[in-house]
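*Asks:* Each chain, letter by letter, is given below.
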Amino acid sequence: DQQVKQNSPSLSVQEGRISILNCDYTNSMFDYFLWYKKYPAEGPTFLISISSIKDKNEDGRFTVFLNKSAKHLSLHIVPSQPGDSAVYFCAASVGGGSQGNLIFGKGTKLSVKP
Amino acid sequence: EAGVAQSPRYKIIEKRQSVAFWCNPISGHATLYWYQQILGQGPKLLIQFQNNGVVDDSQLPKDRFSAERLKGVDSTLKIQPAKLEDSAVYLCASSFYALEETQYFGPGTRLLVL
Chain Y
36 DQQVKQNSPS
46 LSVQEGRISI
56 LNCDYTNSMF
66 DYFLWYKKYP
76 AEGPTFLISI
86 SSIKDKNEDG
96 RFTVFLNKSA
106 KHLSLHIVPS
116 QPGDSAVYFC
126 AASVGGGSQG
136 NLIFGKGTKL
146 SVKP
Chain D
11 EAGVAQSPRY
21 KIIEKRQSVA
31 FWCNPISGHA
41 TLYWYQQILG
51 QGPKLLIQFQ
61 NNGVVDDSQL
71 PKDRFSAERL
81 KGVDSTLKIQ
91 PAKLEDSAVY
101 LCASSFYALE
111 ETQYFGPGTR
121 LLVL
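So the sequences go chain by chain: Y and D. Letter by letter, the first sequence follows residues 36 to 149 of our numbering. Letter by letter, the second sequence follows residues 11 to 124 of our numbering.
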């Protein structure tokens, strides 16, 4: 039973446009959410996170939105750049990453075309 | 600052053989994690160490997998005997304890069991 779901395996956008990656979760105990980015042959790298007490967190071109009632979060990348092409994983935990397991989704492969 | 180091990067073995992976976390990071990432899936936590003690090994197949972190720094993960379904990327991650949510991942070891 998948607790964190990324229903779109892939997404293709044009350079300069907005990329929106979606993630749904089922466990209402999750209180911390993260996005990781992964290039081929490398480990995932942390991108941005959000606590359940917030509904939005922004870091440069990246913004994560959290809708607790819908158990849904999304990552917005504006403007998208070719270097953003990677696999993006949504992850969730109870009690923060160090105190709780990170539960990952299956990932969404983003392709940004020049 | 040096990142999480893992070796080997690639390993090919036959089923029923043994294999070991090594991880050296970021200096000062008390928490160390081993994840298994099967192709097309997100990383799944196998075991979490806090210094040299095990915090969570509930998803570690203990009949064939073992892990240790004897001096609270580097760690080894062993599979004995390996099965075909163990083919995956094994990722090591570390984080600084106490309210640090971000886990920093190494490049992973890609294991192929034939």
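Don't take each hint at face value.
[As the list claims (entries may be wrong)] The calculated lysine-lysine pairs, modelled on DSS-like cross-linking and capped at a C-alpha distance of 25 angstroms, are: (1) 54(D) with 103(Y); (2) 148(Y) with 103(Y); (3) 106(Y) with 148(Y); (4) 40(Y) with 81(D); (5) 21(D) with 106(Y); (6) 54(D) with 144(Y).
Note that these hints are calculated values from the structure, not bench results. Only a predicted model underlies this, so the values are computations on that prediction, with no experimental measurement involved.
*Asks:* Please go over all the hints and tell whether each is borne out by the structure.
*Replies:* Hint-by-hint comparison with the structure:
no.	hint	verdict
1	54(D) with 103(Y)	holds (24 angstroms)
2	148(Y) with 103(Y)	violated (32 angstroms)
3	106(Y) with 148(Y)	violated (31 angstroms)
4	40(Y) with 81(D)	violated (37 angstroms)
5	21(D) with 106(Y)	violated (39 angstroms)
6	54(D) with 144(Y)	holds (18 angstroms)
Checked against the numbered hints above, the structure breaks hints 2, 3, 4, 5 and satisfies the rest.
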